[in-house]
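Q: Now for the letters of each chain:
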Amino acid sequence: MGANESGYIGQSLRRKEDRRFLTGAGQYTDDVTLPHQTHAYFVRSPHAHAKIRSIDTSKAAKAPGVVAIYTGGDLEGVGGLPCGWLITSVDGTPMKEPPHPVLAKGKVRHVGDQVALVVAETRNQAKDAAELVDVDYEVLPAVTNPVEALAPGAPQIHDEAPGNHCYTWALGDKGAVDAAFAKAAHVTKLDLVNNRLIPNAIEPRAALASHSASDDSYTLYVTSQNPHVERLLMAAFVLGLPEHKLRVIAPDVGGGFGSKIYLYAEETALVWASKRVGRPIKWVAERSESFLTDAHGRDHVTHAELALDKDGRFLAMRVNTTAAMGAYLSTFASCIPTILYATLLAGQYTTPAIHCEVKAAFTNTAPVDAYRGAGRPEATYVVERIVREAAVEMGIAQDEIRRRNFIRTFPYQTPVALMYDTGNYDQTLDGASELADVKGFTARKAEAAKRGKLRGLGYSSYIEACGLAPSNIAGALGARAGLFEAGQVRVNPTGSVTVFTGSHSHGQGHETTFAQIVATRLGIPVDNVDVVHGDTGRVAFGMGTYGSRSLAVGGTAIVKALDKIVGKGRKIAAHLLEAAESDIEFKDGKFTVAGTDRSKTFGEIALTAYVPHNYPLDKLEPGLDETAFYDPTNFTFPAGTHICEVEIDPDTGVVEVVRFSACDDFGNIVNPMIVEGQVHGGLTQGIGQALLEACVYDPESGQLLTGSYMDYAMPRADDVPSYQVSTRVTPCTVNPLGTKGCGEAGAIGSPPALINAVLDALAPVGVTHLDMPATPHRVWQAIQSAKAAA
Amino acid sequence: MYAVEYQKAKSATEASGLIAKSGGKALAGGQSLIAAMKLRLAQPGTLVDLAGIPELAGIRVEGGALAIGAMTRHADIASAAEVKRTIPALAALAEGIGDRQVRNMGTIGGSLANNDPAADWPAAVLGLGATVVTHKRRIAADDFFKGMYETALAADEIITAVSFPTPKKAAYAKFPNPASRFALVGVFVAQLGDGSVRVAVTGAAPSVFRAASLEAALAKSFTPDAAKAARVDAAGLNNDLHASAAYRAHLVPVIASRAVAAA
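Respectively, the protein sequence lines represent chains G and C.
If you use the working numbering, the first sequence closes out at 790, no skipped numbers anywhere.
If you use the working numbering, the second sequence closes out at 1263, no skipped numbers anywhere.
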């Protein structure tokens, strides 16, 4: 495919990376084998909460093939895993940060908590030996629900966090909210649960650590979304290594959805042990370990209230949320139910006053952290569920109540800290309504009723804050890291280009999207551009991929580097063409003296830069290789409307999603096919949460009851309809690409659309509330309860 | 997986002897056993592979019955012309088991010997009143299923075939567990040659069982409405994360009515 006038931008190029993925030529962590490699297996706690009386490794140490066994006591001088975001409670005290040991010390706090590391010649030998490690536990009572964890008398998980309380944080003007409620014509109240989810990336977490005695350096291959952050946290905060002695490589990674952002205990223990063992050590999680130890998502319990005037205009919103942190604070756990949640509670609406209080609790469960959407799906669920209820209570149509409250003037300062730069919510609602054929719904509902089925329609007009974001603002809010991105454009002497990006691609298609941008800007064939990512030894720096930030932030860093390349090329061209630099135009891969046909191709300029025989060496360095760091001035704000249509079989409670329509505004789009794929994946994850997925712990024992695919329902192809998607564009004003981000929108917008549709369908039989997931059993029970109450 | 000794038998009698001697287990399609071994939930010291035993293979129409060799794969049953012609309900049931990989490896005999409470084949065997043939004897379906993962088989007894009587009408309907897609409730209904009706339910209880109330209702009127109007007692039904006993009790007549409609 060749470049047209706007180059490759807006073209659905096939993904460059897919050839290797589809032919099995991808290189994942487990595909890497190093000479003399050993294998690790972790002894894990079978109890949700227990004191460790003693650990006897003597029998295991004699097992065949065992190289070494380490327990918490061996890790002298090794720090705990850090949390990257400090949240300050309303009383001014910092959040409680109990130690998160790499291997348990004295106590275990969730099923799967790592107790010992066994290193052996083979994976099976390590596993066999692990069974011989004798741990004497004193089992303690456990608590898995965040509300119960904060109740008086709950089992105490950490000495450092009395009452299992991590923080109580608030945002917004409480006085203004109280005043608005006092004069409201109508108040809608809603209690809801945002169900805990298990991420389930197709590639389980894995690590391969090695130490080089020759220069006392370490190399870690790991399934990470952000290798530089991994290196910084591990080297500086846990192991006390100089960063230049640790190279972190995140090669091909099979999905992350947030769960591979974090610094985990396993790879940290491996790096530490690799020097002691003197051989490389590999660990690959079994799927059961993924269920038990990957950071989970969501797990909120919320009470929300919305105040409206007599015309259905929103006056104020009040939200109280209890959020589970799990047994330890994962890397970004603390900012998810606060900074990335409460700030989104304005949604697309002009609600003038909002107050949100969040209590965070430790529980005897896997840690909870960002999972596709991270705080924003939870916020959208609160807003779009309560808006639906308010409309029903006040007898206002679902689209109409939204239109009455849409923000239409930009930039718009919300009462919860964000400044929306641009948007047009009417046009995405119009677009979704069109796709959904809302006009034909009444007839479809009547037809379904003839077949004994219940049809419902549900809306969700979501907004998200992406492109995380200005470092100084994040720092003021408690971030302990920057949020910029780095990009390097290396033009090779023959004019081909190697791009080094701090973003990491684990399914997003960056190798194609970024190449499209570079090829377009330089006017060269896209095949002449390769994108390198995921290696601290090759890429200068990076903050990684999460929060739908790669194109808006990482892509912009590349654009800034490209500007430097073109700027330098212009100087070289001016010299060669004996013209003033200001007279040189760059277009379609040619540097031309304005108003003449005298020009030099990009390739000629590149060659000149590296073979500087005729070159202004007194004024200009040779070479053509530029790096840029880009720190955005604001978040980006993708938004849209999703409309879900369901048909319910009242005999069985089965909910069929018969139609799902999404109209999104992601700003400018580079590769529409990749964007559509991201939307489809996000929608499927959101539908998974709303329809199927529920992580359940036994409330007494703290055992994970949904610890395999036998009990944890992931969405399959036949659970979802053929999606109808479209886009509208209001270009983002904060970055030169005008892009906003599309990776999480599907998972953010879809859950409330689905539940709203289910409640719409069930309204005739008297059901007024349902928590996710809307499983057949739960829907049937809701119908029975409604019948019994009638 | 723990280390395991692998042996291959040439006849059912030899397989039985090898199992008796080693205290090991028979390996049929391995779709439950191998998975359990990989999770270290099963630890047979010896596996005796039945895959190469000629007498366990093949599908034969014998008088008024259809005999399916114990080592016949689900996929082969689903596509066999003899099955589609004589008892199409069995082909349809086989087509709905697990996924393509499972159907290409898993066998009818393995499924019956394992007697998973949510497996599909037990419903067909009990629903049709089939006969389980072993290398020693013939066992009527009503005597075969003893409880959760329990059957009338001795530890060293090898199923060689299952003989299904050809019914007038039969069908199987399954309501899948949303996670595993095993039967949350599966109902096999059959109207036999003598006009009698049998209804077998899988997934709903610790083991497959016959639903007397449905059999009585359908004997009077073999119609979906009659099935749907029947009541099933929740007592003794499974109560778990995915479905309460009451929900399962409600589903049995609903799913039975769908099976009747399809029969």
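Since the hints were derived computationally from the structure, they do not count as laboratory data.
Watch out, some of these pointers could steer you wrong.
Result set (BS3-like, lysine-lysine): computed pairs, CA atoms no more than 30 Å apart in a straight line [said to hold, decoys possible]:
hint: 1; chain 1: G; residue 1: K450; chain 2: C; residue 2: K1146
hint: 2; chain 1: G; residue 1: K62; chain 2: G; residue 2: K245
hint: 3; chain 1: G; residue 1: K453; chain 2: C; residue 2: K1136
hint: 4; chain 1: C; residue 1: K1228; chain 2: G; residue 2: K445
hint: 5; chain 1: G; residue 1: K453; chain 2: C; residue 2: K1169
Pulled from the structure, derived: some chain C residues nowhere near chain G, Cβ distances all over 12 Å [to be verified]:
hint: 6; residue: D1049
hint: 7; residue: G1058
hint: 8; residue: A1154
hint: 9; residue: S1257
Backbone N, C-alpha and C fix where the C-beta goes; we use that ideal spot for every residue, glycine too.
Q: If you test the structure against every hint from before, which numbers come out violated?
A: 1, 2, 3, 9
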